[in-house]
Amino acid sequence: MNSAIRNGLGYTTLALMIAALFMVFDYVPPEAEQGIAQLIFYFHVPLAWVAFASFGIVAIAGIFYLWLGDQLWDDLGYAAAETGMVFCTLMIVAGSIWAKPIWGTWWTWDSRLTTTFILWLMYCGYLMLRASADDTPQVARFAAVLGIVAVLDVPIVIASVRLWRTIHPAVLVTKQGGHGLEDPRMVATLMVCLAAFTALWAWLLMLRFMQLRTRSRMGTLAVRIAFANAAASDSK
Amino acid sequence: MSAPVVETHSLAKTYGLALVLRDVGLRLLSGAGAFVIGGNGAGKSTLLRILAGLEAPSGGHALVFGQDTRKLAARYRRRIGVMAHQSFLYPNLTARENLEFFAELYSLTEPRASADRWLSTIGLADVADARVRTFSRGMEQRLSAARAMIAEPALLLLDEPFASLDHDGAEIVAALIRGAIERGAAVIATAHAVPEIEGVEFAVYEISRGRLAEPAPKEEVRRGSRIRSLLGR
Amino acid sequence: MSGFAAVLRKDLRLELRSGESTLALLALSMLVLVVLVFALDSARLRSVDVAAGALWVAMVFAGMLGANRALLAERDNGAIRGLLLSPLDPGTLFAAKLAAALIFMAVAEVGAVILMVLFFNLEFDQSIARLAPILALGAIGFSALATLLSAITGRTRGGDMLLPILAVPIFVPALIAGVKASAAALGGAPLSSMGDWLRIMIAFDVLFVTAGYLLFELVVGED
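As they're listed, the protein sequences go chains A, B and C.
Positions 0 to 235 (numbering that gives the first Met the number 0) are the ones given, in order, by the first sequence.
Positions 0 to 232 (numbering that gives the first Met the number 0) are the ones given, in order, by the second sequence.
Positions 0 to 222 (numbering that gives the first Met the number 0) are the ones given, in order, by the third sequence.
To be clear, the hints were calculated from the coordinates, so they are not data collected in a lab.
Please note: incorrect hints may appear among the correct ones.
[Claimed, not checked] Derived Cβ-Cβ restraints for the label pairs, each shown as a range: (1) E109(B) - I201(C): 52 to 60 Å; (2) S95(A) - G158(C): 27 to 35 Å; (3) T219(A) - K70(B): 36 to 44 Å; (4) I224(A) - R210(B): 15 to 23 Å; (5) A18(A) - D67(B): 25 to 33 Å; (6) D67(B) - A130(A): 48 to 56 Å; (7) A130(A) - S163(B): 35 to 43 Å; (8) R216(A) - V33(C): 52 to 60 Å; (9) R136(B) - L206(A): 36 to 44 Å; (10) R223(A) - G30(B): 34 to 42 Å.
[To be verified] Facing chain C, according to a computed beta carbon distance under 8 Å, are these residues of chain A, among others: (11) F141; (12) V144; (13) A187.
Keep in mind it's a predicted model, so treat the numbers as computed, not measured.
The beta carbon of each residue, even a glycine, is placed where N, CA and C say it ideally should be.
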């Protein structure tokens, strides 16, 4: 069943990605002001959505793990963190590539990039926590608590960064958002890109999740082997 | 007949591929004492840790005061005293300050008076104001025993209470255990070999390869003999 | 609540006993200010903004040291297990550790404020008084966050390095709000003009004190 989902997602991703690439590079007209660099926008926005969504999954999986105690939720959270980290990094890189031609600088502290950077740091923290300890239920609990605490913080981060940037607009130019897309072709392209990246994310998440599940099941198997061995050596 | 203070059914515990405890079943009523003996790594400490609620069993369950050990409410924890290999004492506090702190933690009405009383019982009254950091292992062990019993708990879980004790220290701790049992507390203690405590009868269980052997017949525990030191066994 | 008082009193007593190391740590957090004065020395930068920033850097530094120490005392002889086995409620233990970290941070803050006024040529006047509630809000939030996180980092291999990595990104909103409000206060603005910043800090504090109180039992203790 899981393999079917995984493979299905794989093929869907492939199809959507091909469509997305075609639309971005051949179909949609570049925006008048910014020129060809603006095309990054069609990657940037989906990457952002996926990075944040992944983070949300980390937290929700954490809650379920603490509540139900099933290792499955911990595996999901860990997989979501690793996957989300990848897309978050890509988003920051994309943002940087966009910033250079538009503002002439490799980085800018506008509200969205700043918030994403903070998110990226939180991902780093979560992954470093997991890397610095063995895989025990205790560490899984730590990670779950960290994920929950970080996600609860995100709205406050967004609010404070936005407030921070509205007070100092002279430092930078506020970025154009996903709104005000006049041409319907732009909207269509964006939609397809969103779908493509979501599919890619879901597929990678599934792959990693299944890997972690296998590893966890081996742990449960170890317990059963221990019992079986003991029982066998009893009946000497 | 009152409900058992401690009860386990088919208790099992694994660490990775090692099965440390299996199919452990025991019952202990108030005013009863049990010694669990076995070699190093036999699983004695693991059993106590599960009973104290510090670890969760891998199979079966353990009940203390009729409650699952994994989720003991505060009012039950108040009635349990634990001695472990670590003393739980603060090295930079004095003996008296340590006992006072635990007395307060367990909501005793007169923490200072209780602390002083126990200090003289265990023979540490003259070093009451010395920091625990300066104590010998034997003195620390005695203080740890007092810490475990200061709230006069209904259940005592003692992991090798006689370790590192000389003859006098062992007598003191033995007297404390006897006093607790006479008070009606239930006591489970671990040791390498069967101790003998004057005036008290203990059930003796042996752990080997994770299994608990049936309690030894009463005749094997001689009454009225002096306590033997366990050092060197 | 006798447990809260007992634990706090014990921690303060232990802290005072440890003598030089407490003073050394406080001094260290203030040396940060000295470094910043030289590092940021420029007539172009408005004094008040730089002063506020330097103050908060020193505060965060002190906060991390303080929270770490509050839980460090429980490592000897497995004392934390003694606490967990006792009837003490884990939430109450969190509150006591939070209070200890807060006291440490408050002492450091007082010293840092005095040094800041001296180093940045400010005045001991109304503006400093207006600074107090802002710093208090910041200290509460950071102490709560750091206490909760140091229960985690204290038991993993990353140890002391991991605490700032986890704490700083999460603390960013309160940091932004705190620095902005502090700079405004030092510049003479009344507290009423900083409503937005203060609201952010209050939200942060409520969130993390509550989260810490509820989640502490999951991260402290052994399995």
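| task | State, for the Cβ atoms of T219(A) and K70(B), whether the hinted interval 36 to 44 Å holds or is violated. | result | violated, 23 Å
Subject >> Consistency of beta-carbon spacing, L206(A) to R136(B), with hint 36 to 44 Å >> reply: Because 54 Å falls outside the window, the suggested range is violated.
| Does the interface hint hold: is A187(A) within less than 8 Å of chain C, judged Cβ to Cβ? | With a minimum Cβ separation of about 36 Å from chain C (threshold 8 Å), the hint on A187(A) is violated.
Notebook entry, point to check: Is the hinted range of 52 to 60 Å satisfied by the C-beta distance from R216(A) to V33(C)?
Noted result: holds, 56 Å
Taking the beta carbons of A18(A) and D67(B), is their distance inside 25 to 33 Å?
Distance hint for A18(A), D67(B) is violated at roughly 56 Å.
Just to be careful: measuring from the Cβ of F141(A) to every Cβ in chain C, is the smallest value less than 8 Å? holds, 5 Å
**Request:** Confirm or reject the claim that R223(A) and G30(B) have a C-beta distance inside 34 to 42 Å.
**Result:** Between R223(A) and G30(B), where Cβ atoms are some 40 Å apart, the hint holds.
With respect to the beta-carbon atoms only, verify the hint that S95(A) and G158(C) lie 27 to 35 Å apart. Between S95(A) and G158(C), where Cβ atoms are some 32 Å apart, the hint holds.
Taking the CB of A130(A) and the CB of S163(B), does the distance hold inside 35 to 43 Å?
holds, 39 Å
With respect to the beta-carbon atoms only, verify the hint that E109(B) and I201(C) lie 52 to 60 Å apart.
Since the Cβ atoms of E109(B) and I201(C) sit about 42 Å apart, the hinted range of 52 to 60 Å is violated.
Query raised in the report: Range hint 48 to 56 Å: satisfied by the CB atoms of D67(B) and A130(A)?
Result: About 34 Å separates the Cβ atoms of D67(B) and A130(A), which means 48 to 56 Å is violated.
- prompt: Given a hinted range of 15 to 23 Å, is it respected by the beta-carbon distance of I224(A) and R210(B)?
  reply: 18 Å Cβ-Cβ, so the 15 to 23 Å window holds.
Consistency with the previously given hints fails for numbers 1, 3, 5, 6, 9 and 13, ordered from lowest to highest.
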